[in-house]
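The listed protein sequences correspond, in order, to chains A and B.
Mapping the first sequence onto the working numbering, position 119 (from 1) lands on 119, and the numbers just tick up by one.
Mapping the second sequence onto the working numbering, position 40 (from 1) lands on 40, and the numbers just tick up by one.
Honestly, the hints are just simulated from the structure, not real lab data.
What you are looking at is a predicted structure, and each value in this text was computed from that prediction instead of being measured.
Every residue gets a Cβ at the ideal spot worked out from N, C-alpha and C, and that includes glycine.
Don't take every hint at face value.
As the list claims (entries may be wrong) - Here are some chain B residues pointing at chain A (derived, C-beta under 7 Å):
#  : residue
1  : A108
2  : G112
3  : M113
4  : Q116
5  : P149
6  : T206
7  : G208
8  : L211
9  : S212
10 : R286
11 : V293
12 : A297
There are 2 protein chains.
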Amino acid sequence: MAERAVTIRDVGPRDGLQAEAPVDPQRRLDLAVALAGAGVGDIEAASFVSPRAVPAMAGAADVFAALPALDSVCWWALVPNRRGAELAMDAGVKAVTFTVSASAAYSAKNVGMTPQEGVAALGEIAGVLGAQDADIRLDTVISYSFGSPFGDVPDVGVVAAMVDQIRAAMPGTITLADTTGTATPRRVAAVLNRVGTDVGLHLHDTRGIALSNALAALDLGVRRFDTSVGGLGGSPFAPGAGGNLATEDLVLVLEDGGIDTGIDLDALLRISRGLSALVGHDVPSRTSAAGPVPSFAD
Amino acid sequence: MAERAVTIRDVGPRDGLQAEAPVDPQRRLDLAVALAGAGVGDIEAASFVSPRAVPAMAGAADVFAALPALDSVCWWALVPNRRGAELAMDAGVKAVTFTVSASAAYSAKNVGMTPQEGVAALGEIAGVLGAQDADIRLDTVISYSFGSPFGDVPDVGVVAAMVDQIRAAMPGTITLADTTGTATPRRVAAVLNRVGTDVGLHLHDTRGIALSNALAALDLGVRRFDTSVGGLGGSPFAPGAGGNLATEDLVLVLEDGGIDTGIDLDALLRISRGLSALVGHDVPSRTSAAGPVPSFAD
């Protein structure tokens, strides 16, 4: 398989569905497998969060037990803490996303730690995982990397210091999350100019700017993006987050621009058009409703 | 008043409302005047189309009779044909938008002419207007400049030839319209590289790409954009057009990037939040619902 010019991780089965009315694990599994069939190479399939905290993510181990082993796909799971890490290891997870928050207000409220303590705690967990399985992939997601709606003001310096701390404490990659859609192309450039472009971006489309932010990052050299089929998404802990950047929106623009994603847009749109039956409402992506662009010679 | 770095023409009172259930002229007038109060310097306030063809635009002369004369605002009216031009002149209109179509299929169906015949006909009307009033401003809008949903395939060469024909036949400026939201950043660049950047862009957000297209054009040097408050819009003659690029989406990103539009975002958002009562449904702009971005230091 040719190397993809841009890596898209579809987080639909996890971030896309976590704030919806619960969908049973079999149908979340079906969605993940369908995405693989459309050529998506990285898929966040489940979250090993407590089902009491997030009922929509119950049954993560069942999902992972049934995922097919495919050379072409890396199946990711979100792990919120040490207990989740243990459950994920028991379930055979080989690729883990951790989250820490650049918002001190969010971090204090939701995990009772400072952002710095959060990174230190993750470093310990990562050490345990690495000792158990040297082949495990880790990706640390920094939430609120482009602003916070909680009154505190994370700035570029805060985010850059967290990136430095994570690079020192943790193996693996880093993804910067725009958790409630407060990024702009200028803010994206300001952060990337400080931390470099060897990061992924996880963008929410709260204000309709997510695609523009992704393209600004692409221009600067970023090559990894989290998206969600249909533009589903939102956090039970981040009111007003808005959906994720829709996978089909990004794939349409990248493929039209000659940038290979490895994803078949028509197959992806067939999946997207089936989502309203899964979640009981229209999906946010306008591309999902309108379909591909008609041809135009240049 | 300082010169604006980017000129935004809000077409909400015209393109935004023409496909909605009819709103009486007084309320369309109120919307236009409110936009002026928010700092919008160019406003398309009415269309002198036959009220039988587009009932929502009835009363254009009444709107223009009541518009305040403001040094800071240019009030535009769409004129579809010679009869419309005569009515507009009688109503005291000083800035006229004409439309021609790069789609031969659309042009044949809607005006019974080839695109070239359409430009020639406009040239005659423009000559009559210019003879009556030397100070009149004209802007010729080329619809379907980035693709057609009607099966024909306007390409860059077709659009470039029309631009050349219009420049030879017509005074005034040219605006390229993405009538049904089929543009992409690559297509925008391909067209602008052929016709130059001394054009305006009129973008529809059918696929959620309009803002990205605008920013791609801005990077290349375009400084004039048509937008619609709330992202309202659509054509009675172009099914599936989707709304216009929302004024508040573009203003948010430009002002955040230090690019002066002369428009007060908070005032604009107050107008936008009142639109649902006017049209009876939520407006498409996500920025309208979510509001400005919280501060972020860089």
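Structure-based check of each hint:
1. A108: violated (18 Å)
2. G112: Violated: closest Cβ of chain A sits about 23 Å from G112(B), beyond 7 Å.
3. M113: violated (22 Å)
4. Q116: violated (19 Å)
5. P149: Check passed: Cβ of P149(B) comes within 6 Å of chain A, closer than 7 Å.
6. T206: holds (5 Å)
7. G208: Holds. Min distance 4 Å.
8. L211: holds (5 Å)
9. S212: Holds: closest Cβ of chain A sits about 5 Å from S212(B), inside 7 Å.
10. R286: Since the shortest Cβ distance to chain A is 4 Å, the answer is holds.
11. V293: Holds, because the Cβ-Cβ distance from V293(B) to chain A comes to roughly 5 Å (cut-off 7 Å).
12. A297: Holds. Min distance 4 Å.
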